[in-house]
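Numbering-wise (this note's numbering), the sequence shown opens with residue 3 and increments by one.
This list has only true hints and no planted wrong ones.
List time: in silico BS3-like cross-link candidates among lysine-lysine, alpha-carbon distance up to 25 Å:
| id | residue 1 | residue 2 |
| --- | --- | --- |
| 1 | Lys131 | Lys145 |
| 2 | Lys219 | Lys307 |
| 3 | Lys118 | Lys308 |
| 4 | Lys307 | Lys118 |
| 5 | Lys264 | Lys308 |
| 6 | Lys334 | Lys145 |
| 7 | Lys154 | Lys131 |
| 8 | Lys19 | Lys118 |
| 9 | Lys264 | Lys245 |
| 10 | Lys145 | Lys219 |
| 11 | Lys196 | Lys145 |
| 12 | Lys118 | Lys334 |
| 13 | Lys355 | Lys257 |
No wet-lab data here; the hints were simulated from the structure. As the structure is a computational prediction, the values presented were derived from the model and not from experiment.
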Amino acid sequence: MSEADIFLKGKKVRFDKLEGAGFQFSAGQYTYRELFMEGQFEAVVEVDEAGQLLSYVWDCEMEEVYTAHQVTAPAGAFVSQVREAYQAILARVVETCCVALPFSQEQSNRIAQQIKEEWGDLPDYPFAKSPETGAFRHPANQKWYALVTQVKRGQLDGSSDQELVEIVNLKVDSREIAELLSQSGIYPAYHMSKKTWVSVLLDETVDDSAIFALLEKSRYLVGPKSYKAEQGPDYWVIPANPKVYDIDTEFAENKIVYWPQKSTIQAGDIVAIYVTAPVQAIRYVCRVLGANLENHGESDIPTEKKVMQVELLARLSDGILPRERMIELGVKAVRGPRRLTEELIRYLTSEVKNLY
Numbered sequence: 003m004s005e006a007d008i009f010l011k012g013k014k015v016r017f018d019k020l021e022g023a024g025f026q027f028s029a030g031q032y033t034y035r036e037l038f039m040e041g042q043f044e045a046v047v048e049v050d051e052a053g054q055l056l057s058y059v060w061d062c063e064m065e066e067v068y069t070a071h072q073v074t075a076p077a078g079a080f081v082s083q084v085r086e087a088y089q090a091i092l093a094r095v096v097e098t099c100c101v102a103l104p105f106s107q108e109q110s111n112r113i114a115q116q117i118k119e120e121w122g123d124l125p126d127y128p129f130a131k132s133p134e135t136g137a138f139r140h141p142a143n144q145k146w147y148a149l150v151t152q153v154k155r156g157q158l159d160g161s162s163d164q165e166l167v168e169i170v171n172l173k174v175d176s177r178e179i180a181e182l183l184s185q186s187g188i189y190p191a192y193h194m195s196k197k198t199w200v201s202v203l204l205d206e207t208v209d210d211s212a213i214f215a216l217l218e219k220s221r222y223l224v225g226p227k228s229y230k231a232e233q234g235p236d237y238w239v240i241p242a243n244p245k246v247y248d249i250d251t252e253f254a255e256n257k258i259v260y261w262p263q264k265s266t267i268q269a270g271d272i273v274a275i276y277v278t279a280p281v282q283a284i285r286y287v288c289r290v291l292g293a294n295l296e297n298h299g300e301s302d303i304p305t306e307k308k309v310m311q312v313e314l315l316a317r318l319s320d321g322i323l324p325r326e327r328m329i330e331l332g333v334k335a336v337r338g339p340r341r342l343t344e345e346l347i348r349y350l351t352s353e354v355k356n357l358y
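Using the sequences provided together with the hints, build the complete structure.
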């Protein structure tokens with residue numbers, strides 16, 4: 003393992019930080035150069051388009067790569083000074099231009115990034131004796147809906163296999179346990195109730211989309227339950243980020259649109275769409291015409307994701323249900339799909355007459 007690999011271990015390059023840190027882009031890679039030891043040497047750090055980092059020391063006087071600092075045997079004072087100065091530069095570059103990865107496996111880190119993008123949730127590490135174990139919690143009640151940890155494979159499948167694997171524990175509907183356990187990469191929950199939790203391997207055995215669908219359900223199942231109608235439609239609120247999706251243009255052009263399937267939303271349900279910053283208000287109210295539909299390339303939704311078809315019922319002015327009024331009516335945060343409170347439903351139906 004090279005010195006660069008040691009400094010980069012558990013981290014990922016942030017390309018948006020490179021130019022600000024002094025990197026220059028040319029011929030498909032970013033390069034940073036810094037003279038040290040009074041100009042006798044130059045530290046060179048290169049980052050390719052895949053995020054791989056390579057670095058070396060250039061001897062300015064000899065005009066060749068300097069390698070004496072890499073020798074592991076005891077070295078003289080001068081070589082030690084070169085090594086320390088070079089490593090200090092590497093450490094500063096990595097600190098400035100890289101971000102720590104929360105887990106050991108690539109799939110775990112992809113899922114963590116997707117959770118952050120979808121809901122803004124970050125892991126915490128609740129066990130001092132198991133620092134690699136990260137919990138994702140529902141912001142409304144702080145119950146965890148995903149627990150990423152490492153176990154021996156044999157502890158999952160009952161074999162004698164001692165290989166360490168990374169898993170995520172997820173809460174599921176007990177009625178779906180048998181079907182889930184028939185799938186490769188999904189096991190009875192490790193150290194949690196096997197009646198309502200499963201352990202999912204994070205080694206690419208299960209597709210990201212399948213894991214995230216389970217994550218979405220788990221987050222809903224542990225979250226506080228808002229009002230659920232005994233009969234008739236359920237009422238939901240979902241977020242829309244105007245920086246990512248031009249919802250205003252979409253509804254200006256089409257009364258019926260497709261949306262990524264969210265949680266357990268069903269046909270006939272009412273969905274309020276909360277437009278995030280800088281708007282921060284419920285702006286649209288829709289009825290779900292169809293749910294859990296196959297995606298045949300609608301809009302920019304990834305084809306592996308199910309979709310729902312929603313019909314616009316009303317557009318509200320931003321002063322009717324801004325974030326402050328929503329909080330007063332019991333909805334404090336909208337980072338993902340959630341049911342509305344009875345108070346907000348009553349207020350909404352008083353503003354939109356055709357919800358029934």
